[in-house]
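Letter 23 of the sequence shown, counting from 1, is numbered 32 in the numbering used here, and no numbers are missing.
Some clues are possibly wrong.
What follows is a set of in silico ranges between Cβ atoms, one per label pair, in the way DEER data are often shown [said to hold, decoys possible]:
| # | residue 1 | residue 2 | range |
| --- | --- | --- | --- |
| 1 | A109 | E148 | 14 to 22 Å |
| 2 | R143 | A16 | 34 to 42 Å |
| 3 | R143 | E116 | 19 to 27 Å |
| 4 | Y154 | S114 | 18 to 26 Å |
| 5 | S28 | E148 | 15 to 23 Å |
| 6 | R69 | Q106 | 41 to 49 Å |
| 7 | D42 | I141 | 33 to 41 Å |
In case anyone wonders, no lab produced these hints; they're calculated from the structure.
All residues carry an ideal CB built from backbone N, CA and C; glycine is no exception.
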Amino acid sequence: MSSEPTAKVLFRVPDDDGSASVETLWAIPLGGDLYKLDNSPFYAYGVSWQDTVLAPIDPREQMPTFQSVVERSGNRTIRVIFEPPVSPGNASDELLQDLAALGCSYEGANPIYISVNIPPDVELQDVRSYLIARDAQWEHADPTYESLFPDEA
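Put together the whole structure using the sequences plus the hints.
Right under this line is the structure:
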(Lines of atoms letter the chains of each structure in order from A and count residues from 1; the text may use other names and numbers.)
(Lines give C-alpha, C1' and ligand atoms only; values in the text may rest on other atoms or scores of the structure.)
Protein backbone atom coordinates (compact mmCIF):
# COMPACT_ATOMS: atom_id res chain seq x y z
CA MET A 1 0.00 0.00 0.00
CA SER A 2 1.12 3.55 -0.64
CA SER A 3 1.71 6.24 1.96
CA GLU A 4 -0.78 8.60 0.25
CA PRO A 5 -4.16 9.34 1.89
CA THR A 6 -6.45 6.36 1.46
CA ALA A 7 -10.12 5.54 1.49
CA LYS A 8 -12.08 2.31 1.28
CA VAL A 9 -14.08 1.48 -1.86
CA LEU A 10 -16.93 -0.99 -1.48
CA PHE A 11 -17.41 -3.79 -4.03
CA ARG A 12 -20.52 -5.96 -4.14
CA VAL A 13 -19.51 -9.49 -5.12
CA PRO A 14 -22.36 -11.69 -6.41
CA ASP A 15 -22.79 -14.98 -4.56
CA ASP A 16 -23.99 -18.23 -6.14
CA ASP A 17 -27.37 -17.92 -4.42
CA GLY A 18 -28.12 -14.54 -6.03
CA SER A 19 -27.23 -12.46 -2.99
CA ALA A 20 -24.05 -10.41 -2.74
CA SER A 21 -21.10 -10.25 -0.37
CA VAL A 22 -19.12 -7.11 0.27
CA GLU A 23 -15.39 -6.53 -0.14
CA THR A 24 -13.71 -3.21 0.57
CA LEU A 25 -10.41 -2.28 -1.06
CA TRP A 26 -8.00 0.45 -0.06
CA ALA A 27 -7.81 3.21 -2.65
CA ILE A 28 -6.28 6.63 -3.20
CA PRO A 29 -8.91 9.36 -3.74
CA LEU A 30 -8.27 11.22 -7.01
CA GLY A 31 -11.29 13.55 -6.86
CA GLY A 32 -14.54 13.48 -8.78
CA ASP A 33 -15.55 10.05 -7.41
CA LEU A 34 -12.40 8.51 -8.92
CA TYR A 35 -10.12 6.24 -6.90
CA LYS A 36 -6.89 4.37 -7.66
CA LEU A 37 -7.00 0.92 -6.08
CA ASP A 38 -4.22 0.43 -3.56
CA ASN A 39 -4.46 -3.27 -2.84
CA SER A 40 -5.38 -6.42 -4.71
CA PRO A 41 -8.90 -7.84 -4.57
CA PHE A 42 -9.53 -11.09 -2.74
CA TYR A 43 -13.12 -11.58 -3.88
CA ALA A 44 -14.07 -8.93 -6.48
CA TYR A 45 -13.66 -9.79 -10.16
CA GLY A 46 -12.66 -7.58 -13.07
CA VAL A 47 -10.41 -5.18 -11.13
CA SER A 48 -6.73 -5.16 -10.24
CA TRP A 49 -4.23 -3.20 -8.15
CA GLN A 50 -3.75 0.39 -9.38
CA ASP A 51 -6.85 0.40 -11.62
CA THR A 52 -8.71 3.72 -11.55
CA VAL A 53 -12.36 3.19 -10.68
CA LEU A 54 -15.48 5.31 -10.52
CA ALA A 55 -17.00 4.95 -7.05
CA PRO A 56 -19.59 7.54 -6.07
CA ILE A 57 -20.78 7.66 -2.46
CA ASP A 58 -23.70 5.25 -2.06
CA PRO A 59 -26.21 6.84 0.33
CA ARG A 60 -27.20 3.42 1.74
CA GLU A 61 -23.62 2.33 2.35
CA GLN A 62 -22.34 5.84 3.15
CA MET A 63 -19.07 5.11 1.39
CA PRO A 64 -17.59 5.08 -2.12
CA THR A 65 -19.10 2.14 -3.99
CA PHE A 66 -17.64 0.64 -7.15
CA GLN A 67 -19.49 1.47 -10.33
CA SER A 68 -16.95 0.88 -13.15
CA VAL A 69 -13.31 0.71 -14.15
CA VAL A 70 -12.29 4.02 -15.74
CA GLU A 71 -8.66 3.17 -16.52
CA ARG A 72 -6.93 -0.19 -16.33
CA SER A 73 -3.46 -0.27 -14.81
CA GLY A 74 -2.34 -3.21 -16.92
CA ASN A 75 -2.04 -5.38 -13.81
CA ARG A 76 -3.92 -8.68 -13.74
CA THR A 77 -5.13 -10.68 -10.75
CA ILE A 78 -5.30 -14.38 -10.04
CA ARG A 79 -6.07 -16.08 -6.75
CA VAL A 80 -4.39 -19.20 -5.45
CA ILE A 81 -5.67 -21.58 -2.78
CA PHE A 82 -2.82 -23.40 -1.07
CA GLU A 83 -3.01 -26.88 0.42
CA PRO A 84 -1.05 -27.22 2.59
CA PRO A 85 -1.14 -23.62 3.85
CA VAL A 86 1.93 -21.53 3.08
CA SER A 87 4.60 -22.08 5.70
CA PRO A 88 8.31 -21.23 5.41
CA GLY A 89 10.08 -23.83 3.29
CA ASN A 90 7.08 -25.98 2.32
CA ALA A 91 5.87 -26.73 -1.23
CA SER A 92 3.24 -23.98 -1.07
CA ASP A 93 5.87 -21.45 -0.04
CA GLU A 94 8.07 -22.65 -2.92
CA LEU A 95 5.22 -22.10 -5.39
CA LEU A 96 4.65 -18.60 -4.02
CA GLN A 97 8.37 -17.78 -4.23
CA ASP A 98 8.43 -19.07 -7.83
CA LEU A 99 5.55 -16.71 -8.69
CA ALA A 100 7.58 -13.86 -7.18
CA ALA A 101 10.58 -14.95 -9.27
CA LEU A 102 8.37 -14.71 -12.37
CA GLY A 103 7.79 -11.05 -11.41
CA CYS A 104 4.48 -11.30 -9.56
CA SER A 105 3.63 -9.79 -6.19
CA TYR A 106 1.04 -11.06 -3.75
CA GLU A 107 -0.97 -10.41 -0.61
CA GLY A 108 -2.44 -13.04 1.62
CA ALA A 109 -5.84 -13.03 3.22
CA ASN A 110 -4.39 -15.93 5.21
CA PRO A 111 -1.80 -18.70 4.55
CA ILE A 112 -4.31 -20.57 2.36
CA TYR A 113 -5.85 -17.85 0.17
CA ILE A 114 -3.51 -15.52 -1.74
CA SER A 115 -4.25 -12.76 -4.26
CA VAL A 116 -1.47 -12.60 -6.86
CA ASN A 117 -0.77 -9.48 -8.91
CA ILE A 118 0.66 -10.03 -12.39
CA PRO A 119 2.26 -6.77 -13.56
CA PRO A 120 1.96 -5.57 -17.16
CA ASP A 121 5.47 -6.72 -18.09
CA VAL A 122 4.84 -10.35 -17.03
CA GLU A 123 3.09 -12.66 -19.50
CA LEU A 124 -0.16 -14.01 -18.10
CA GLN A 125 0.34 -17.20 -20.12
CA ASP A 126 3.71 -17.84 -18.42
CA VAL A 127 2.03 -17.65 -15.00
CA ARG A 128 -0.90 -19.79 -16.16
CA SER A 129 1.44 -22.43 -17.60
CA TYR A 130 3.47 -22.54 -14.39
CA LEU A 131 0.38 -22.98 -12.20
CA ILE A 132 -1.07 -25.65 -14.49
CA ALA A 133 2.25 -27.55 -14.55
CA ARG A 134 2.33 -27.44 -10.73
CA ASP A 135 -1.30 -28.62 -10.55
CA ALA A 136 -2.10 -25.61 -8.37
CA GLN A 137 -5.63 -24.68 -7.35
CA TRP A 138 -6.21 -21.18 -8.70
CA GLU A 139 -8.65 -18.91 -10.52
CA HIS A 140 -8.63 -15.97 -12.90
CA ALA A 141 -10.01 -12.82 -11.25
CA ASP A 142 -8.96 -10.08 -13.70
CA PRO A 143 -9.32 -10.88 -16.49
CA THR A 144 -11.87 -13.54 -15.66
CA TYR A 145 -11.78 -16.97 -17.26
CA GLU A 146 -15.05 -16.14 -19.02
CA SER A 147 -13.58 -13.02 -20.62
CA LEU A 148 -10.44 -14.87 -21.73
CA PHE A 149 -12.26 -17.94 -23.05
CA PRO A 150 -15.85 -16.91 -23.89
CA ASP A 151 -16.47 -20.03 -25.98
CA GLU A 152 -15.62 -22.31 -23.05
CA ALA A 153 -17.56 -20.55 -20.31
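Evaluation of the provided hints:
1. A109 x E148: 14 to 22 Å: 19 Å, holds
2. R143 x A16: 34 to 42 Å: At roughly 37 Å between Cβ atoms, A16 and R143 fall inside 34 to 42 Å, so the hint holds.
3. R143 x E116: 19 to 27 Å: 20 Å, holds
4. Y154 x S114: 18 to 26 Å: Given a distance of about 21 Å, which is inside 18 to 26 Å, the answer is holds.
5. S28 x E148: 15 to 23 Å: Hint holds: Cβ distance 20 Å, inside 15 to 23 Å.
6. R69 x Q106: 41 to 49 Å: 43 Å, holds
7. D42 x I141: 33 to 41 Å: 39 Å, holds
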